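Undergrad: What follows is the residue order along each chain.
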Amino acid sequence: MTVDARGMTFGEINERLRTADEATVENCLGQRFIACGMGGKKITVNGTPGNALGAYLDGAEITVYGNAQDAVGDTMNDGRIIIHGSTGDATGYAMRGGEIYVRDSAGYRAGIHMKAYKEKLPVMVIGGSCGSFAGEYQAGGIIIVLGRRINVPIIGNFCGTGMHGGRIYLCCDEIGVHLPRQVKVRPAEKEDMEFISGYIKNYCMFFSDDYGEIARRHFFVLEPDSENPYKQLYVLN
Amino acid sequence: MPINFIYPEFEIVRDESQCIRCRACERQCANEVHGYDSERNAMESDELKCVNCHRCVLLCPTRALKIIRTDHTFRENANWNEDAIKEIYMQAGSGGVLLSSMGNPKNYPVYWDKILINASQVTNPPIDPLREPMETKTFLGKKPEKIGRSDDGTLKVNTSPQLELELPVMFSAMSYGSISYNAHESMARAAQSLGTYYNTGEGGLHEDFYKYGKNTIVQVASGRFGVYLDYLNAGAAIEIKMGQGAKPGIGGHLPGAKIVGDIAKTRMIPEGSDAISPAPHHDIYSIEDLRQLVYSLKEATQNKKPVIVKVAAVHNIAAIASGIARSGADIIAIDGFRGGTGAAPTRIRDNVGIPIELALASVDTRLRDEGIRSSVSLVAGGSIRNSADVVKAIALGADAVYIATGAMLALGCHLCRNCQSGKCNWGIATQRPDLVKRLNPELGHQRLINLLNAWKHEIKEMMGGMGINSIEALKGNRLMLRGVGLNEKELEILGIMHAGD
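If you read the sequences in order, they're chains W and Y. Here numbering that gives the first Met the number 0 is used: position 129 in the first sequence is 128, and no number is missing along the way. Here numbering that gives the first Met the number 0 is used: position 199 in the second sequence is 198, and no number is missing along the way.
One or more of the hints may lead you astray.
[What the hints assert, rightly or not] Not the full set, but computed from the structure, chain Y residues with beta-carbon under 8 Å of chain W: (1) E86; (2) I268; (3) D282; (4) T345.
Derived by calculation from the structure, the hints in this document are not laboratory data. Just so it is clear, the structure is predicted and the values come from calculations on it, not from any experiment. Backbone N, C-alpha and C define an ideal beta-carbon position, used for all residues, glycine too.
Assemble the whole structure, with the sequences as input and the hints as a guide.
TA: Structure representation (structure tokens):
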């Protein structure tokens, strides 16, 4: 099914998407909440979807040919979002499962409050760089930043502030910014790379990048320094 | 260090002539206050550990126990009172932020107690609720601006989704984790039986309680714990928690030690992981951003459920509520500074926020002035203690109220204010199986039903006395209220006259 989004509201677009197993949205121009909460279908978006693309996504696969805006995959539970371009702020806010692949860069607060639960392991692969506050309050899951084709630092400030679970992988020779005290950093080892190789291969497959070249490069692993960063703060009154 | 010793606040008085050394007190006290010395065949008590929750007193078969406040005193001083001195010692000894629970205990004015309700005399006769029909039903949600008719004359029905309440009282948000499974079950069953709603708080919805979904409000907070499509669809309404009266501007932090078993499962996070709800939603920095979350939730649930936005009563509450009303929210819940909590920094609880009475009146006035009052319903919480408070809140402009501390008291809470310890002897604010089972949901839910049925009857009597026969006619009817001992500014904000005026 093809949905011509020209002149349509998000409600009208979603109403049509709900009836199809596979659909292409043409001429998308800023309509929000596309595929919100959807599962069991494949959706292609040509154009620029608005904020909260695939919020609460529950198993659907969304491919966007263009840039996406803020809150892509907000509180996503399952499924896959592939962005052939960049995303705005708060990409993958509190996502609990599923995968987000961004060819280029993500804005501020990417992967903030990402979680993991039982078999659910959310994964976000950002091809370029992330803005400040990436992985803030991260409680689980994996954020991989590849640093492809960028001329800015791979992450901004305050990466992983309040982090208490999960991992962030950064592909770079030096991190270059100060990391907060909750985060400990170490070079990636063989097992780390084996763990994420499948996701990097996916990235290279979606965006026609060179896996061999990326795999040879140096990665850092960021992990929480303690599982309970705020533990000692209180005295019972 | 000797300065760190703080003399126990309570003394346990054990009548040795009554005590039969049955050791029930010892078994009942999770704080391990009571002990038995077999050599002396005598009970002992460690009063340092006593929180005055009355569990032992009520369970003592011979009534041999009572708890009294100690008469040990600091040198009296109106400025440096006992709490102020003790808190200095505690912080100097530990370097920690003071953590408390339940609502603001300080001596701020309780405006409910300075507002009086009218009654009819001679003209406009009172109505006897035993004889005449009285309507306590109320609907929460956006109301249509005007009535439209189709060409054939039939009414066009395009009302937004509504919550239907048999009485204007709901159980406020308390998460599974902050309170026990049995406490949640008691509220869920009571809400179903009473025709009202309870609220999951931000801890997710236990799989056993999906069956009470029609009477459940599911909450979405900054940590998004347990939030996924089935959860959103399970409830009758979705509440976005922006703030809480006990700790405005502060997030929540359930330590990993409490994230075990079903708590972890319901929150959908691994066991032992801290559950941190940051103070802000990191995707909300404006009314436009709030609107985005409101609409994403509506879109995810196909516009079938009203969306509530809950905020703490703070200084600019009228302007904030006006913004929320324009964000697409169907209901605004305002939580006053006396609202309870399972844990909050003492300083925040005791010093931040404003009384619900003033906040409610000023929000209702503002929304009326702006002509948008009917686009949202208002729910007031943050210490509604009885049916008279409910009546006053509705007359000040609320559509309904939230109760939580009152509901916990009905389940056995004795307001010892130690929820943060996780050792609640009444099986409420604890996850210890041996303590949780002390709260029997069969009895608990019946007690909640009793409480609200009694309130319902009292509400009818008070309304009848005013010659009013429906909640709808009481709503915002401030002529039914008079203030006592209030200054002109307070009366102006409350929008009521002084008694005698």
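Undergrad: For every hint, state whether the structure bears it out.
TA: Going through the hints against the structure:
| no. | hint | result |
| --- | --- | --- |
| 1 | E86 | holds (7 Å) |
| 2 | I268 | holds (6 Å) |
| 3 | D282 | holds (5 Å) |
| 4 | T345 | holds (5 Å) |
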